[in-house]
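All the letters of the sequence shown, read from the start, carry residue numbers 35 to 262 under this note's numbering.
No lab work stands behind these hints: they were computed from the structure. Do not rely on the hints blindly, as some may be mistaken.
What the hints assert, rightly or not - Straight-line distance between alpha carbons at most 27 Å, and here's what the computed DSSO-like set of lysine-lysine pairs gives: (1) Lys79 x Lys108; (2) Lys178 x Lys91; (3) Lys69 x Lys108; (4) Lys141 x Lys157; (5) Lys91 x Lys141; (6) Lys253 x Lys222.
As the list claims (entries may be wrong) - The following label-pair restraints were derived from C-beta to C-beta distances: (7) Gln179 x Lys253: 39 to 49 Å; (8) Lys136 x Glu240: 11 to 21 Å; (9) Arg47 x Ile192: 25 to 35 Å.
Note that the structure is predicted; figures quoted are calculated from it, not measured. By construction, the Cβ of each residue, glycine as well, lies at the ideal position given by its N, Cα and C atoms.
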Amino acid sequence: MSDVYLDFRNHPRVIDFLQEGVPYAEGPEGEAAAKLVQVYEDGGKLSTSTLVDAARKLGKAIWPARQALQRWIKQEASEHEWDQLIAALRPSTSHIVSRLRKLLEVKHVDELLAHPESDIALKLEDREEIQQVREQLFLDTWKKQHEHLRIYIEEAQIELRGYIRRFDMLRDLASELPPSFSSEIISKIEHYEDRVFFQFETLSMEMLDDEIRYYTDQKEITPFEDAV
Numbered sequence: 035m036s037d038v039y040l041d042f043r044n045h046p047r048v049i050d051f052l053q054e055g056v057p058y059a060e061g062p063e064g065e066a067a068a069k070l071v072q073v074y075e076d077g078g079k080l081s082t083s084t085l086v087d088a089a090r091k092l093g094k095a096i097w098p099a100r101q102a103l104q105r106w107i108k109q110e111a112s113e114h115e116w117d118q119l120i121a122a123l124r125p126s127t128s129h130i131v132s133r134l135r136k137l138l139e140v141k142h143v144d145e146l147l148a149h150p151e152s153d154i155a156l157k158l159e160d161r162e163e164i165q166q167v168r169e170q171l172f173l174d175t176w177k178k179q180h181e182h183l184r185i186y187i188e189e190a191q192i193e194l195r196g197y198i199r200r201f202d203m204l205r206d207l208a209s210e211l212p213p214s215f216s217s218e219i220i221s222k223i224e225h226y227e228d229r230v231f232f233q234f235e236t237l238s239m240e241m242l243d244d245e246i247r248y249y250t251d252q253k254e255i256t257p258f259e260d261a262v
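Using the sequences and the hints given, assemble the complete structure.
The following block contains the structure:
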């Protein structure tokens, strides 16, 4: 089982990601993703590299929109999300979620899903159901509210540029260090990008800066002849 959210070897899952992301995209990335989805649905063959490229471009393009939406919901519509989610889930799942919310005294759905108690109370199929329902609720909310989220989007765009710049710096360091460090850095970048571009999470800029400083120091102390 892959330890990443979006396993590029699973083409149907990548297609689902593209299809889910298209409505949030305003530029050419959305159009390109929509064309690939259509090719796949028509029975055409797509290479893994083609899907990887499209998913990365789309993930970067829609991260500000997805972040803006999540932040707006947390700050201004948290209770509304609870009401919609509980109403849309199956009765059994709705009961568990309602009970957990009361027990854990959490404010947001994300807090509940991240709480250790939810790992015990929610089965995998429950989590998958919650994710599917939330994706639809997010999309419905985006269609109704996206014009009012501009300030959130602009803030997220600045943050996104910070991530991309730091990921690029780490890639540059990977190309300048020995294979033992290089493979370690690339593995970390893939993990970070999976979290940011495909799960639409946030990372600590300070943590990324610490990584850059650490590997910069390694470049200074690593003998040149080892960096083959």
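Right, here's what the structure says about each hint:
1. Lys79 x Lys108: 40 Å, violated
2. Lys178 x Lys91: 25 Å, holds
3. Lys69 x Lys108: 33 Å, violated
4. Lys141 x Lys157: 22 Å, holds
5. Lys91 x Lys141: 33 Å, violated
6. Lys253 x Lys222: 17 Å, holds
7. Gln179 x Lys253: 39 to 49 Å: 46 Å, holds
8. Lys136 x Glu240: 11 to 21 Å: Roughly 35 Å apart at Cβ, these two residues miss the hinted range, so it is violated.
9. Arg47 x Ile192: 25 to 35 Å: Hint holds: Cβ distance 30 Å, inside 25 to 35 Å.
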